[in-house]
Amino acid sequence: MATSSSVDVASDQPAVRLRQVRKRYGGTLALKGIDLDISAGSIHALIGENGAGKSTCLGAIAGRVQTDEGVISIFGHEVGDTSPRRTRALGVVSVYQELTTIPGLSAQANVFLGQPRSRWGWLRDAAMRARYVELCRDLKVACFADTPAGALSVGDQQLLEIMRALVADARIILLDEPTASLAPHERRVLLDLMRRLRDRGVTVVFVSHNLDEVLEVSDTVTVFRDGAVVRQDRASEVTKRVVVEAMLGRKLSEATTHHHPRPGSGPTRLRVEGLSVPRALTDISFELRAGEILGLGGLVGSGRTSVLRALAGATPSASGELWINSAGVRWPRSPRRARALGIALLPEDRKTQGVNLARSGAENIVMSDLGAVARAGFLTTRDITAAAERAATGFGINAAALSKPAGTLSGGNQQKLLLARWAHSLPTVLLADEPTRGIDVGAKQEILAHLEHLAAQGMSIIIASSELEEVVQISHRILVLAEGRVVGLLDNSERTVAEHDVLRTIFESDREGHGDEHVATG
Amino acid sequence: MSTSQPVETTGPPGATEAETLTPVLPTGSHRLSGVLGVRGLFRYGIVWAAVVAVIAASLLSGSFLTTSNIQNVLTQNAALALVALGLTFVMIGGGFDLSSGPLVGACSVVAAELANHTSTMVAVVVTIVVGALAGAVNGIVVTAFRINAFVATLATGSMFTGLALLYTGSHSVFVTNSSFNNLGLGSVLGVRTIVVLVAALYLIGALVLAKSVFGRALYAVGGGEVAARLAGLRVNLTKALTFVIVGAAGGAGGVIFAALLTSGTPSTGSSITFDAITVVIIGGTSMFGGSGAVWRTAVGLVLLATITNVYDLLAINSAWQLVTKGFLLVAAVGLDYLTSRKRA
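Chains A and B are the protein sequences, given in the same order.
Counting in the working numbering, the first sequence runs from 1 upward without gaps.
Counting in the working numbering, the second sequence runs from 1 upward without gaps.
Derived from the structure by calculation, the hints contain no laboratory data.
Treat the hints with caution; some may be incorrect.
[Said to hold, decoys possible] In silico contact screen, one side only, chain A against chain B (beta carbon under 7 Å); selected entries:
id : residue
1  : Tyr96
2  : Thr100
3  : Ile102
4  : Gly104
5  : Leu105
6  : Ser106
7  : Leu113
8  : Gly114
9  : Gly121
10 : Leu123
11 : Ala126
12 : Trp323
[As the list claims (entries may be wrong)] Derived pair list, reagent style EDC-like, types lysine to aspartate or glutamate, alpha-carbon separation capped at 20 Å:
id : chain 1 : residue 1 : chain 2 : residue 2
13 : B       : Lys211    : A       : Asp146
14 : A       : Lys240    : A       : Asp199
15 : A       : Lys32     : A       : Asp68
16 : B       : Lys211    : A       : Glu494
17 : A       : Lys444    : A       : Glu469
18 : A       : Lys240    : A       : Asp219
C-beta atoms are modelled at their ideal positions from N, C-alpha and C, and glycine is treated no differently.
Using the sequences plus the hints, can you model the full thing?
Shown next, in the form of structure tokens:
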């Protein structure tokens with residue numbers, strides 16, 4: 001069945017062609033003369049570390065980024081002065097990293113946002129409904145025409161954006177980190193959808209940090225480093241290792257994280273008995289020794305984040321018994337109370353809950369304990385800087401970053417600031433929620449190593465991450481959760497646990513215990 | 001490729017083989033709980049409040065539910081009604097307007113002058129155009145210069161009043177044109193023309209918001225400016241247009257006051273800024289943009305007009321009106337904050 005968005009393309013004509021494209025931001029060349037062909041009807045991944053130029057390149061194709069030099073052609077049409085309007089007319093549509101759905105509008109209204117079917121300025125609801133339902137059928141997805149977009153899951157909202165692109169007769173769809181905020185099962189659906197779009201003749205270009213996905217779904221992989229294309233391969237012909245090394249520009253050293261003995265003899269810092277949160281957690285118990293890293297393993301919705309939030313005092317309805325350094329304390333019902341108990345949170349959402357983007361790196365570090373820096377209640381820039389530099393030692397934060405507003409730093413550097421913040425005030429227990437989300441490959445390992453470093457100094461750490469690989473890599477023990485219950489506790493002191501051991505624990509618990517349809521849902 | 005099932009609009013077609021990411025809510029029960037449940041109380045609470053106020057008012061004062069009283073209340077509030085209608089558009093688009101009261105005052109002077117020196121028709125049309133132009137100034141300042149709407153309209157409002165005072169030398173301009181002074185006092189099927197006109201404009205406003213491309217764009221702009229821009233909507237133009245609408249409404253308000261009071265005075269309608277905001281917000285249109293409706297403003301108007309009228313009829317010290325209105329506004333804003341937080 002031919003729809004308006006499946007297009008017959010001459011096979012020799014690339015969908016996108018870049019020739020010697022340059023882009024300069026201030027003093028840095030973001031793109032150093034890129035040559036790139038993206039063949040029509042394929043899935044093409046652009047990968048690289050943050051700042052490597054892949055997103056700039058995507059922006060240039062979208063017409064959102066004004067290039068300084070070079071030629072961009074879309075289906076053979078040279079795009080002179082690129083503008084979103086011009087490229088859109090040629091069938092290029094972007095789906096942005098941050099969602100661009102309007103929560104208060106219905107799903108259908110969101111799909112037709114900016115391109116309503118209308119006559120004389122009045123909406124033609126019936127025509128829009130028919131097209132919407134047709135699209136849902138083509139894509140084999142459920143319809144939520146009248147549900148407000150805000151009530152849909154992130155994955156469904158993203159789906160609306162893709163439908164929006166199809167309504168706009170997109171021939172090339174650009175996706176920026178499409179799976180970054182999706183749960184595992186939603187990722188699967190999206191990857192399938194990308195394949196289906198390709199099969200309809202749509203060219204899909206995407207940027208992703210998740211190399212497993214990249215290698216699984218794409219036809220061609222282009223690797224960027226320092227503003228240049230360093231490799232282009234058919235995805236079926238490369239390994240993850242080759243790609244990572246191309247991204248980093250160096251051989252991957254085996255162990256970036258160091259030796260790993262479980263501090264078996266250290267004193268017990270934290271003991272949790274019978275932690276429950278209505279509708280989220282049931283009877284969670286565990287303990288944590290000084291210098292130990294406890295990983296929380298589980299799928300989305302298993303209660304990982306709920307455990308951290310409850311400990312951080314962010315869940316007033318939490319109940320349970322808590323011992324800190326063997327002294328029984330009341331369960332913290334506010335973040336302030338949790339901090340007083342020595343529990344600190346490295347939040348999942350750095351930008352809104354972690355760093356103060358407007359203040360300097362140094363201030364961000366000492367913010368957690370200004371009293372330690374103040375003299376008779378007064379703060380001086382010199383004292384702040386000195387204390388911040390002390391705390392920042394070993395985190396690879398350079399002096400310039402300390403004096404600049406945190407908002408100007410990369411995600412990896414912001415996370416390092418937050419780690420330095422807790423090195424400054426030294427909490428008893430550090431809760432790390434998704435510590436490497438949105439951080440590029442190179443910096444990821446650094447962040448994990450810093451966490452281990454903090455643990456080696458005696459801090460107890462609980463880490464929750466949707467990337468099981470990380471949890472397995474740095475945890476001494478792994479508490480496996482499913483549906484808000486503990487289903488296993490795996491000893492990883494010899495680094496013997498693999499990802500599939502955690503998954504098996506989850507699925508076995510599921511077979512023995514409760515129904516089967518809940519596990520995969522968030 | 002696609003299934004051959006009949007098209008259903010209420011449920012997902014082919015839900016069994018479709019990849020459902022989240023469970024589909026049955027629409028029917030959803031709607032029912034919407035009216036009766038806790039959420040319904042939030043959503044339609046204003047209607048009950050207005051009904052209670054009208055019933056209480058008719059019990060408290062025998063003269064409340066008389067035809068002449070109702071005609072008078074509606075006529076007195078016609079200018080406020082128009083400004084509140086315009087402000088509904090502004091606030092759904094995520095804007096705000098503190099200059100509407102001053103604009104009404106300034107436009108009453110413009111209307112009075114024009115009525116004295118030209119014809120009634122010219123006075124009406126030109127004053128509304130002047131109001132719309134003043135609104136366009138607000139719109140440009142807020143969108144093109146990116147100045148916060150509160151500050152921008154506070155500033156322009158001060159300028160409108162100042163210019164009017166300079167022009168009149170702080171006096172009133174009396175209208176000698178009797179055809180102008182009788183504007184809107186005729187009747188259509190027993191209802192005053194001005195009331196019919198306002199009602200018609202409310203109907204048109206409701207249709208535009210719900211059914212037009214502009215209305216849909218406005219909800220999108222108010223609901224998420226960045227998202228709307230990325231979707232290719234003309235965000236600035238849409239927002240600026242809402243200020244033109246409220247400006248035109250202010251111009252019309254100036255005409256109404258000049259005709260009713262047979263004079264134009266810069267300070268006329270100074271309470272309209274506050275009252276219009278109160279009416280829109282207690283109706284349930286969100287201060288944060290993206291949600292609201294014309295019927296809400298109409299109901300808010302009924303509530304506020306009823307309360308002030310009862311206070312007048314019972315000869316309660318008018319200072320109490322200020323206290324009551326202030327209380328209503330802060331309560332409504334608090335409720336708006338709570339509900340929008342719940343949604344987020």
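Proposed interface contact between Trp323 of chain A and chain B, which counts if any beta carbon pair is under 7 Å: violated (35 Å)
Would the stated hint for Leu105 of chain A survive a check requiring a Cβ distance to chain B of less than 7 Å? holds (6 Å)
Per-residue hint verdict: Ser106 of chain A, partner chain B, C-beta under 7 Å: violated (10 Å)
Given Leu113 of chain A as an interface hint, is its Cβ closer than 7 Å to any Cβ of chain B? holds (4 Å)
Tell me if Ile102 of chain A is really an interface residue toward chain B, meaning its C-beta lies closer than 7 Å to one of theirs. Check passed: Cβ of Ile102 of chain A comes within 4 Å of chain B, closer than 7 Å.
Next pair to validate is Lys211 of chain B with Glu494 of chain A; report whether the Cα-Cα distance is within 20 Å. Violated: Lys211 of chain B and Glu494 of chain A sit about 65 Å apart, past 20 Å.
Double-check Gly104 of chain A for me: the hint is only fine if its C-beta lies closer than 7 Å to a C-beta in chain B. holds (4 Å)
Run the distance test for Lys240 of chain A versus Asp199 of chain A: straight-line Cα separation, threshold 20 Å. Violated, at about 25 Å.
Does Leu123 of chain A meet its interface restraint, that is, does its C-beta lie within less than 7 Å of any C-beta in chain B? Hint holds; Leu123 of chain A Cβ to chain B Cβ min 6 Å, cut 7 Å.
Sort out whether Asp68 of chain A lies within 20 Å of Lys32 of chain A, counting only the CA atoms. Since the Cα atoms of Lys32 of chain A and Asp68 of chain A sit roughly 10 Å apart, the hinted pair holds (cutoff 20 Å).
Decide if the proposed pair is consistent with the structure: Lys240 of chain A and Asp219 of chain A, CA atoms, cutoff 20 Å inclusive. Between Lys240 of chain A and Asp219 of chain A the Cα gap is close to 14 Å, so the pair holds against 20 Å.
Could you check if Gly121 of chain A really has its C-beta closer than 7 Å to a C-beta on chain B? Result: holds, 5 Å to nearest chain B Cβ.
Of the hints listed earlier, those the structure fails to meet are numbers 6, 11, 12, 14, 16, in rising order.
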